[in-house]
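**Q** Work out the full structure, taking the sequences as your base and the hints as a guide.
Listed below are the residues making up each chain.
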Amino acid sequence: MTARRERVGWICLSVVLVAAIACRFLVGRDMLGQWTFTWPTSDSIEWRTGALISAFLAGAALSLSGIFLQTLLRNPLASPFVLGLSAGSQACVAAAYWIAAIGGPWMLMGGAIFPATVGALLALAVTLYFGRGTGGGIDPISLVLSGVIVGTVAAALASLIEWLLPLEMRPSLAGWALGRVPEVPEISVAVITAITVFTGIFMGIRNGATLDAMGLSEDESSSIGIHVVRVRLYLVLGSSVLAAVATALCGPLAFIGLIGPHMARSCVGPRHRASVLAAAISGSTLLIAADAVRHFAPASTGRLPIGVICALAGGPFFLILLRRGAAKAWMR
Amino acid sequence: MTLKFEQALIRNGNFVLGQIDLQFRAAAVTVVIGPNGGGKSTLLRAAAGLLAAHAGHARLQCEPSQSARAEKLSTTSARMLTSEMEIAKIMPSQRARLLSFVPQRPESVAGFSVRTSVELGRVAMRADAPRVQLSMERTGIAALAEELVGHLSEGQRHRVAFARALAQRTAQTQLLIVDEPTSALDPSWTRTLAAELRHSASEGLAVIVATHDFAFAGAIADDVVALSQGKITAAGRAMEILTPHILQPIFNVPFRMVEHLAANPLCLPMWNGAINAT
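Going down the list, the sequences are from chains A and B. Residues 0 to 331 (numbering that gives the first Met the number 0) are what the first sequence spells out, left to right. Residues 0 to 277 (numbering that gives the first Met the number 0) are what the second sequence spells out, left to right.
Because the hints were derived from the structure by calculation, they are not lab data. Even for Gly, the Cβ is constructed at its ideal location relative to N, Cα and C. A portion of the hints provided could be inaccurate.
[Unchecked claim] Facing chain A, according to a computed beta carbon distance under 7 angstroms, are these residues of chain B, among others:
1) A87
2) P91
3) F100
4) P102
5) E106
6) V108
7) A109
8) Q167
**A** So this is what it looks like as structure tokens:
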């Protein structure tokens with residue numbers, strides 16, 4: 000990637016981000032439920048800004064989680080949703096709600112972030128355990144299969160727990176489980192997400208060369224001076240926390256964490272010094288754009304859950320990656 | 000500096016190598032030979048500190064060189080260097096200064112340029128652009144510097160990995176370990192590589208190379224270690240080991256000395272009868 004191409008890539012990313020933000024800011028609904036494309040009234044300015052902040056932070060967190068997982072596993076198909084982290088968070092948050100329903104709401108102090116983090120870590124651990132295969136090395140496709148199954152089971156667990164909840168608690172959890180972009184994000188969750196995202200970007204750029212070196216075989220990265228076990232531990236923790244905060248804020252969203260890193264690398268190249276920040280920007284752009292797009296759906300049935308848009312747009316992308324043999328072509 | 004294996008037992012999955020008593024000389028090329036599955040790669044990975052000795056020791060013993068002092072090492076790391084060190088217990092960032100390792104099948108992210116991939120050799124130390132450029136020139140890949148690794152042939156990728164090992168070198172570097180380098184290489188690059196390995200030895204490094212290529216082995220070896228079924232079957236100076244009566248029982252193939260291919264006679268496997276025998 001020449002310096003000139005990289006510069007063009009940065010310009011493209013910024014333009015698309017600004018366009019997505021403008022789009023989301025201007026799009027809305029009139030009294031009749033028809034979509035409008037005008038400067039918002041003073042009430043809706045606040046709402047739209049809130050939604051923009053939520054989408055910006057959650058998108059960046061998911062995409063950062065994705066790029067760290069892809070680096071950790073040297074697998075371009077890895078992402079927090081595909082490896083079951085999002086569903087793991089979902090299940091643990093549902094469990095926390097359930098415990099809160101039994102033991103009183105004080106059990107939920109600190110919001111959904113803590114249970115979400117536990118869930119993401121657990122899910123990643125189980126996925127890695129079963130995805131390792133017998134040869135010692137990690138086969139990319141087995142890992143993805145393992146993750147998909149872990150995700151499915153965790154999502155089923157989440158539904159089961161949701162079903163056990165008292166009726167009045169169900170709707171809020173069910174809405175969150177389909178994915179949402181909160182117009183009035185919970186301050187504590189938003190602040191923690193912001194801190195996590197900026198820490199992730201900072202650490203990623205600072206240790207860019209180390210992350211690049213993780214792209215070599217384990218023997219090679221170790222012998223050029225990388226403490227492979229330690230770096231892997233950081234990547235596991237970092238990607239889990241990032242996936243968890245995004246899930247706590249917006250629910251389990253599919254494929255943003257997969258497409259973001261690919262979009263970033265195709266714009267600014269594979270070196271982490273550049274691609275970590277670019278991945279955060281790409282993820283934000285994607286989620287903001289998805290949030291804008293759902294306003295165009297007919298309003299009579301209520302607003303389309305954001306998770307639907309993400310899955311509809313992201314699923315085909317994953318299949319194309321699979322078809323192109325991305326997992327095999329990644330390493331040489 | 001010497002790298003010493005004492006009563007070492009090394010486990011690599013189900014495979015056990017041992018017990019190994021060996022000493023690798025500085026300023027010499029040691030060639031490791033042996034049938035497939037004999038333990039060559041296991042020995043090399045243990046020498047590189049990537050596998051710990053299950054029992055016994057694999058130690059690196061070195062003196063702080065003048066140049067190491069010139070690099071203004073902190074006193075603790077200078078003191079550490081004077082003592083004997085279990086090679087697998089040295090921190091990777093420190094070990095990277097002492098040795099470089101080229102595996103049999105190097106891997107790199109396909110989207111990296113050749114230059115980026117070679118620069119990774121210096122990830123744990125000061126960046127050194129002239130050194131990176133020189134490494135690429137000496138391995139004949141300078142013209143490919145901006146090419147993507149994914150577009151290269153296997154042999155070219157091997158050169159990239161070797162260039163990375165050259166770029167990694169510091170004033171403290173004591174060891175160069177290369178696992179089966181010649182399998183994907185054309186004759187011209189094999190000759191260049193042989194010259195590079197001899198050059199590294201002449202600079203004072205202990206060079207350890209595993210290979211199945213007996214012409215290559217005979218051309219570069221000072222010492223030879225023969226491994227089969229996880230045991231050392233022969234070890235010593237090249238001219239004593241690379242002889243038909245030692246190699247024949249190890250590989251179960253007839254060997255013969257051939258003159259005029261290199262400075263010294265080479266001991267090569269014979270083809271007579273191979274085709275009819277099967």
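**Q** Evaluate each hint against the coordinates.
**A** Checked hints:
no. : hint : in the structure
1   : A87  : 10 angstroms, violated
2   : P91  : 5 angstroms, holds
3   : F100 : 4 angstroms, holds
4   : P102 : 5 angstroms, holds
5   : E106 : 4 angstroms, holds
6   : V108 : 4 angstroms, holds
7   : A109 : 4 angstroms, holds
8   : Q167 : 6 angstroms, holds
Violated hint: 1 only; the structure is consistent with all others.
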